[in-house]
Amino acid sequence: MDRAALTHPGRVLYPDPGIAKRELAGYYAAVADRLLPHLADRPLSLVRSRDGEAFYQKHHRGPAPPGLASIGIDVGTGRRDYLVCRDATGLASLAQLGVVELHTWGSRLPDPLRADRLTFDLDPDPTLDWRTVADAALTLRALLQALGYESWCKTTGGKGLHVVVPLTTRRPDWDTARTSARAVARYLCRTEPTRFAARPGDAHRRGRLYVDYLRNYGGATAVSAYSPRLRPGAPVSMPLAWRQLEGDEDLRGRRFELRAVPAWLRRRRDPWSGYADTRQAFDADAFARLEGPAPDPGVT
DNA sequence: GTCTGGC
DNA sequence: GCCAGACAACGCAAT
DNA sequence: ATTGCG
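Residue numbers (this note's numbering): 1 to 300.
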């Protein structure tokens, strides 16, 4: 397979700390073995950098660059082509395109209309400390375990955390996936209203975490593990071991920056090594049993 | 980064 | 020939 | 119906 030439290698994509295209390509190559399994067969949503400013792209006009495939998927109204990354050559093409964030669907080809995981985005009031956010993730994990599901946690590169539930069999259509994830979010808000908020926005959320279940419908995406973010320091969405959530070290945000991650990975075991081997069947009834009255919005 | 469409 | 514009999109809740 | 948010 051809590999596209890396043009404009000195073009700065992350103004802070001044990471150019050449360094981004080096990062993708260095973490390819870890990153590629998270991209495999998943339609992509790309964030590209124009002078450090983000612009989004879901569709590619013309033939797909080397290592990328443009795949037609029937979405609500009509059929559109979405990019999928095939291999390390595809990562090189993404670097050539100036792609600074990789977001993926929660489903995979050849069945993109059924979820193969649920993603919960814990989005805290930015003033909340690490322990409060980590404890919220542990609470969500325990709830999911009570439902019969193991889950995995990663940083987002920002103040929050993602909790991911892989689903291998009896995978739900998007409407069922969204409804089930919503039931989990509402349950947390109903049972622990002092910790969890049902809606985004500082005024409503203050002092709490917004449980964003809205990554779980057709075409919705969440940032991929090992994707950098176009933010100061170029932080990376880093998979964590649950054990790390019990410690006092704040692992969010710039704790894992693009420049430091390859060396870090070389000396640490993959905390998500069990993810790919996990077999869990989706059971809509288990989630439906969480249903109750809508959460009290509380004081505005 | 690259293509398109308007001048 | 050159340059500006396009390059995503949707559920949810508030106004 | 339109806007703001993620």
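Please keep in mind that the hints were generated in silico from the structure rather than gathered at the bench. Small disclaimer: the values here were computed from a predicted structure and weren't measured. The reader is advised that the hints may include incorrect statements.
As the list claims (entries may be wrong) - Restraint ranges, calculated between C-beta atoms of paired labels, are given here:
#1 Arg279 <-> Leu113: 16 to 24 Å
#2 Trp264 <-> Thr132: 34 to 42 Å
#3 Gly62 <-> Trp242: 43 to 51 Å
#4 Pro110 <-> Pro262: 19 to 27 Å
#5 Arg266 <-> Ala203: 38 to 46 Å
#6 Pro9 <-> Trp242: 34 to 42 Å
#7 Arg267 <-> Ala29: 14 to 22 Å
#8 Arg206 <-> Gly78: 38 to 46 Å
Don't be surprised by glycine CBs; every beta carbon is placed ideally from N, CA and C.
TODO: Given the range 38 to 46 Å, decide if the beta-carbon distance of arginine 206 to glycine 78 lies inside it.
DONE: Given a distance of about 42 Å, which is inside 38 to 46 Å, the answer is holds.
- [ ] For the range 16 to 24 Å, tell me whether the beta carbons of arginine 279 and leucine 113 fit it or not.
- [x] The hint (16 to 24 Å, Cβ to Cβ) holds, given that arginine 279 and leucine 113 are roughly 21 Å apart.
Task: Status of the given 38 to 46 Å range, CB of alanine 203 versus CB of arginine 266 - done: holds (45 Å)
Task: Outcome of range test on Cβ distance (arginine 267, alanine 29; 14 to 22 Å) - done: holds (18 Å)
Open item on the list: Verify the CB-CB distance for proline 9 and tryptophan 242 against the hinted window 34 to 42 Å.
Closed with: About 40 Å separates the Cβ atoms of proline 9 and tryptophan 242, which means 34 to 42 Å holds.
- [ ] Just tell me: holds or violated, for the beta carbon distance of tryptophan 264 and threonine 132 against 34 to 42 Å?
- [x] violated (25 Å)
Task: Distance restraint evaluation - proline 110, proline 262, Cβ atoms, bounds 19 to 27 Å - done: violated (32 Å)
TODO: Mind checking the hinted window 43 to 51 Å against the Cβ distance between glycine 62 and tryptophan 242?
DONE: Once the Cβ atoms are compared, 44 Å apart, the range 43 to 51 Å for tryptophan 242 and glycine 62 holds.
The structure is inconsistent with the numbered hints 2, 4, although it conforms to all the rest.
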